[in-house]
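Student: Here the structure of chain A is known, so what remains is to put chains B, C and D in place on it, guided by the hints.
Residue numbers (my numbering), protein chains in the order written: chain A, 1 to 119; chain B, 1 to 521; chain C, 1 to 329; chain D, 1 to 90.
Hints were generated in silico from the structure; no laboratory data involved.
Fair warning: there could be bad hints in the mix.
To be verified - No more than 20 Å apart at the CA atoms, straight line, and that leaves these computed lysine to aspartate or glutamate pairs for DMTMM-like:
#1 K72/B to D62/D
#2 K234/C to E54/C
#3 K27/C to D78/B
#4 K184/C to E117/C
#5 K14/B to E96/C
#6 K261/B to D442/B
#7 K56/D to E24/D
#8 K184/C to D442/B
#9 K11/C to D506/B
#10 K12/B to E173/C
#11 K12/B to E65/D
#12 K50/B to D78/D
#13 K14/B to D78/D
#14 K429/B to D18/A
As the list claims (entries may be wrong) - A few chain A positions that, by computed beta-carbon distances, are all more than 10 Å from chain C:
#15 P8
#16 F42
#17 I54
#18 P66
All residues carry an ideal CB built from backbone N, CA and C; glycine is no exception.
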Amino acid sequence: MSVHAFKPYPARVMDGQDKFHGNQVLYVGWVDHLMFCAPLAFALAPDFPFGDLIKNVLPGAYSYHPDFAQIDWSAVQWYKSGVPFTPRLEESLVQNGLGHKDLITFVSPGLTGIKGTCS
Amino acid sequence: MDTQVKKKPGLKEKYRHMTRGLDWQTSYQSMDKVFPFAEFEGIKIHDWDKWEDPFRLTMDAYWKYQAEKERKLYAIIDAFVQNNGHLKVTDARYINTLKLFLTGVSPLEYMAHRGFAHVGRQFPGVGPRVACQMQSLDELRHVQTQIHTISNYNKYYNGMHDFRHMHDRLWYLSVPKSFFDDAVTAGPFEFMVAIGFSFEYVLTNLLFVPFMSGAAFNGDMSTVTFGFSAQSDEARHMTLGLEVIKFILEQDPANLPIVQKWIDKWTWRGVRVLTLVAMMMDYMLPKRVMSWKEAWEIYFEQNGGALFKDLARYGITMPKCIETINKEKDHLSHQAWAVFYNYGGAAAFHTWMPDAEEMDWLSSKYPDTFDKYYRPRFEYWREQEAKGNRFYNMTLPMLCQTCQIPMFFTVPGDPSKIAYHESHYSGDKYHFCSEHCKEIFDDEPEKYVQAWLPVHQIFQGNCFKPDADPTAADFNPLAEVLRYYNINFGHDNLDFNGSDDQKNFDLWRGMATQNQTGESA
Amino acid sequence: MQIDLRTVTIKPLRHTFSHVARRLGDKPASRYQEGTLDLQADVNFHYRPLWDPEHEIFDAGRTAVVMADWYAFKDPRQFYYGTYTMARAKQQEAAESAFDFVEDRGLIEMLPPDVRELALQVLLPLRHLEWGGNMNNSAICAYGFGAAVTQPAMFHAMDHLGIAQYLTRIGLELADPAVLDQAKEAWMNDAVWQGLRRYIENTFVLSDWFELFVAQNLVLDGLIYPLVFEAFDKALTRRGGGAISMLTQFMREWRNESVKWVDATIKTAAAESPANLALLQGWVANWRAQAYEAVKPLAELALGQEAGAALDDIATAFDRNLNKLGLSR
Amino acid sequence: MASTVFLALQANEDTRLIIEAIMEDNPQAELHEYPAMVKIDSAGPLTIRRVSVEEKIGRDWDLQELHLNLISLSGHIDETEDEMILAWAE
Chain A
1 MSVHAFKPYP ARVMDGQDKF HGNQVLYVGW VDHLMFCAPL AFALAPDFPF GDLIKNVLPG
61 AYSYHPDFAQ IDWSAVQWYK SGVPFTPRLE ESLVQNGLGH KDLITFVSPG LTGIKGTCS
Chain B
1 MDTQVKKKPG LKEKYRHMTR GLDWQTSYQS MDKVFPFAEF EGIKIHDWDK WEDPFRLTMD
61 AYWKYQAEKE RKLYAIIDAF VQNNGHLKVT DARYINTLKL FLTGVSPLEY MAHRGFAHVG
121 RQFPGVGPRV ACQMQSLDEL RHVQTQIHTI SNYNKYYNGM HDFRHMHDRL WYLSVPKSFF
181 DDAVTAGPFE FMVAIGFSFE YVLTNLLFVP FMSGAAFNGD MSTVTFGFSA QSDEARHMTL
241 GLEVIKFILE QDPANLPIVQ KWIDKWTWRG VRVLTLVAMM MDYMLPKRVM SWKEAWEIYF
301 EQNGGALFKD LARYGITMPK CIETINKEKD HLSHQAWAVF YNYGGAAAFH TWMPDAEEMD
361 WLSSKYPDTF DKYYRPRFEY WREQEAKGNR FYNMTLPMLC QTCQIPMFFT VPGDPSKIAY
421 HESHYSGDKY HFCSEHCKEI FDDEPEKYVQ AWLPVHQIFQ GNCFKPDADP TAADFNPLAE
481 VLRYYNINFG HDNLDFNGSD DQKNFDLWRG MATQNQTGES A
Chain C
1 MQIDLRTVTI KPLRHTFSHV ARRLGDKPAS RYQEGTLDLQ ADVNFHYRPL WDPEHEIFDA
61 GRTAVVMADW YAFKDPRQFY YGTYTMARAK QQEAAESAFD FVEDRGLIEM LPPDVRELAL
121 QVLLPLRHLE WGGNMNNSAI CAYGFGAAVT QPAMFHAMDH LGIAQYLTRI GLELADPAVL
181 DQAKEAWMND AVWQGLRRYI ENTFVLSDWF ELFVAQNLVL DGLIYPLVFE AFDKALTRRG
241 GGAISMLTQF MREWRNESVK WVDATIKTAA AESPANLALL QGWVANWRAQ AYEAVKPLAE
301 LALGQEAGAA LDDIATAFDR NLNKLGLSR
Chain D
1 MASTVFLALQ ANEDTRLIIE AIMEDNPQAE LHEYPAMVKI DSAGPLTIRR VSVEEKIGRD
61 WDLQELHLNL ISLSGHIDET EDEMILAWAE
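Bound conformation, chain A alone:
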């Protein structure tokens, strides 16, 4: 569908990748850990190595949670918009098929938040 406007109404896209100073937006959600109330947003270079996300980015965001230190990263299951996906850690976001405003979520097996309540 499209708008019914009084005059031509061209789409004015506010969040095209060209506006992010060379970065792209990546959303990350940690499943069963709702202490972090919503998935997080990161602006990262397209050639940012996926492994650095785990090593250097996620700890700053999630390490407050007592489960975070317990994560066995080799067992973590990744999803891209809900579809299972296996990232190659040494490759970049783009090489892993992650584009602007893509969403990835991860499950850390055995860890279900504060008192097992997915908090």
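Tutor: Quick look at chains B, C and D alone, frame taken from chain A:
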């Protein structure tokens, strides 16, 4: 003396003379040019004279009654100021509801003022035009009485000092702002269905009555007075909203699907905005009136039920989002408060964890959900705070493209999983909190791709002051964003415990009740 | 325990809102100031209007007038909603008394028939012109920029509606409701009114709200009010129509009060820049010429042989006022 | 069963007698008291009569004065000089 008694016309007849017939079919300029926006939305109106004025208020009566309301209201505000009435509230946490109100709601009243002026110019019928113009004027009243009432609080408490500036910038205030921007940028008929009907008629009771009853329960008589005084105009507005719907539907059967689509859309948009009210009721009032869930049941399920039963004769059905809302009502306030607790560093009001007694109240009001899903999280946060490790989420959240709320809503029926919905438009991905927000986007993508999403705007570098230097070695983006918001770090934000508000209120109350002296924070 | 909070003297943390303090300094501000300054959103709009995709919701570009600060406009009456309604309530109370007095004393019955007839002919079709004033000021409020100028425009819009309703009431005092239809018929078809009807319909389609302000509030009202509610009023009174003068007192008072706002707005815009001045001068010249032609037949109907001289006086006074506003050429 | 309409009024000295009059004229109505507010629910139409209020307050009363203290309502309105009826279409 009275030689000849002329028969006085009745109210309806008198109003008819006073208003109807003022307009005319223009001929030096075509009606299409004089009322250019009457048709593009696809609504068909055949006879504007079929409009029934629900209230018949001529300007002289309007001035008379409104002035009387204003005189009473300002007398109470003056007395409140003279008596340091702010010290009578239950405790200083209550004042945070006023911050939320002034930064989040009052600017919308102003938008309504301008929006109704626009519609009050553009509808080709005199009756609705006059009703809209009066509403425009009333809405100006509301924003100004709110500012004038809360003005005194602003002198003593933090967080509300720059409400206009903040409304156009803060991440959570883009939720109410985009709601109203959405309505005023729509055509005149959609605006009326959005604001006049869906908001004023269906949802306003859920906004004002809880806020004002909350104020009454918590000893804030000036706010009660402005609230209830504003509500007295609201009865007129609600009736206008209902009349608009009836009128449009009676004019042409082809209008039904368009109106139904708008009712579906705006009920949902409105309920998403009311998320802020839900958490206010359940978490921010030191003395609670009723739970959000109870308010929803009284004001939506009972009254809304009667309304939609009434509208069934036109073929209107209950908005389909109601099913989702019913599933969310046990979770909404807890999840919302958790968001603000997460991002309490970037909010212009204080947040806190409920104490043990308050948690018990929440358990009793939400027996199926609070203890099971939320209490453990909240108790953990409380313990951590006691250890000096208060939780602040320092990473920006993902937002819904339509309602702009952080994507905290869980899957209806599964409170352990975040709900995700996606659309593609013109080569880009868009994310939504719900199927309803996605549907709204998909219907008018050209419109919603324009959203000024606060998180993306920060990433794009648009939320820094002109003197900020992102290339500097010690550049702190989050601090710079707060500076752009005009949030005074450590005063307007962070936890209530340890805040200036808390210290000052206790000090000033102490000065009133004991021979205490001291310096304000 | 009842605690007496009045005894506590506490020092406020601040005296007004930050956006007000940035303009005026941190000192107590008036209710007019707190209720007006920066009240309109001016950045970060989410969507462009479906009804006007070329502009933002509020957009300074909807007029050719350019202001460095749209809050340079001030309402000399310092009206916010409360003071506005209280002022009008007082005036409506006076008007109510006047209507009661005229009714109680049977003053209408004592009017000479030709005076009553002339009053009907001149005053009643004006209710449509007033409705035009209502529409135009509603438009100025909707599409204008900055609360300082749009707020009084809404007051002005409702005032015009109130005046249209007072004129209707005068019609119902003087005769029966059928006169309303006759007046509308005259408005639609009589030669006397066609110039004015054309004028007001032409203003309905103006896209520049400031030009609309000039055409409606400065020029049209600037000629109509002195003609009808001053010159014609005096002429009626001379002919025994003093009772009607009592019923139009509201209009005279309103004009004397509200013209201060109209003048202040024009003066501020003109003083801002030579470009604004030239723009305003062009608009005034254009609309003044049209308005003058449009009111002529009404002046002749209302004043007969005195029309020419009266209209000259009104035009002279109007031009003199333009000079005061800085619009002299 | 008829749908419920309601009328919410500020609870103050002005409205005490108005509420009394409404309750007497509408035996089916239920009165709920809240902080600073009363809510009158009625299964079926609710009628506010000018004369009944005037008898209570001992002076002329214009139905439009109700607006001074009205907080909210639900239902369609039919208003004349003498009465205001609040009802859903059945």
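Student: Work down the list of hints and note, for each, if the structure agrees.
Tutor: Checked hints:
For the hint linking K72/B to D62/D, the alpha-carbon distance of about 19 Å falls within 20 Å, and the restraint holds. Of the supplied pair hints, the one linking K234/C and E54/C is violated, its CA atoms being roughly 49 Å apart against a limit of 20 Å. Between K27/C and D78/B the alpha-carbon distance is near 18 Å, which keeps this suggested pair within the 20 Å criterion. With a C-alpha separation of about 15 Å, the suggested pair K184/C and E117/C falls inside the 20 Å cut-off, and the hint holds.
Restraint check for K14/B and E96/C: satisfied, since their Cα atoms lie roughly 16 Å apart, inside the 20 Å limit. Between K261/B and D442/B the CA atoms are separated by roughly 13 Å; this keeps the pair inside 20 Å, and the hint holds. Among the hinted pairs, K56/D with E24/D is consistent with the structure: their alpha-carbon atoms are about 11 Å apart, no more than 20 Å. At roughly 48 Å between alpha-carbon atoms, K184/C and D442/B are farther apart than 20 Å, so this suggested pair is violated.
Using a Cα cut-off of 20 Å, the hinted pair K11/C and D506/B holds, with the two alpha carbons roughly 14 Å apart. Our distance criterion of 20 Å between C-alpha atoms is met by K12/B and E173/C, whose separation comes to about 18 Å. Of the supplied pair hints, the one linking K12/B and E65/D holds, its CA atoms being roughly 17 Å apart against a limit of 20 Å. At roughly 16 Å between alpha-carbon atoms, K50/B and D78/D fall within 20 Å of each other, so this suggested pair holds.
With a CA separation close to 15 Å, the supplied pair K14/B and D78/D stays within the 20 Å bound. The hinted pair formed by K429/B and D18/A meets the criterion: a straight-line CA distance of about 14 Å does not exceed 20 Å. For P8/A, the condition that its CB be more than 10 Å from all CB atoms of chain C is violated, with the nearest at approximately 7 Å. Residue-level check passed: F42/A sits 23 Å from the nearest beta carbon of chain C, beyond 10 Å.
For I54/A, the shortest C-beta to C-beta distance to chain C comes to about 35 Å, beyond the 10 Å cut-off, and the non-interface label holds. Its beta-carbon lying about 39 Å from the closest one in chain C, P66/A satisfies the requirement of being farther than 10 Å from that chain.
This entry does not satisfy hints 2, 8, 15, going by the numbered hints stated previously.
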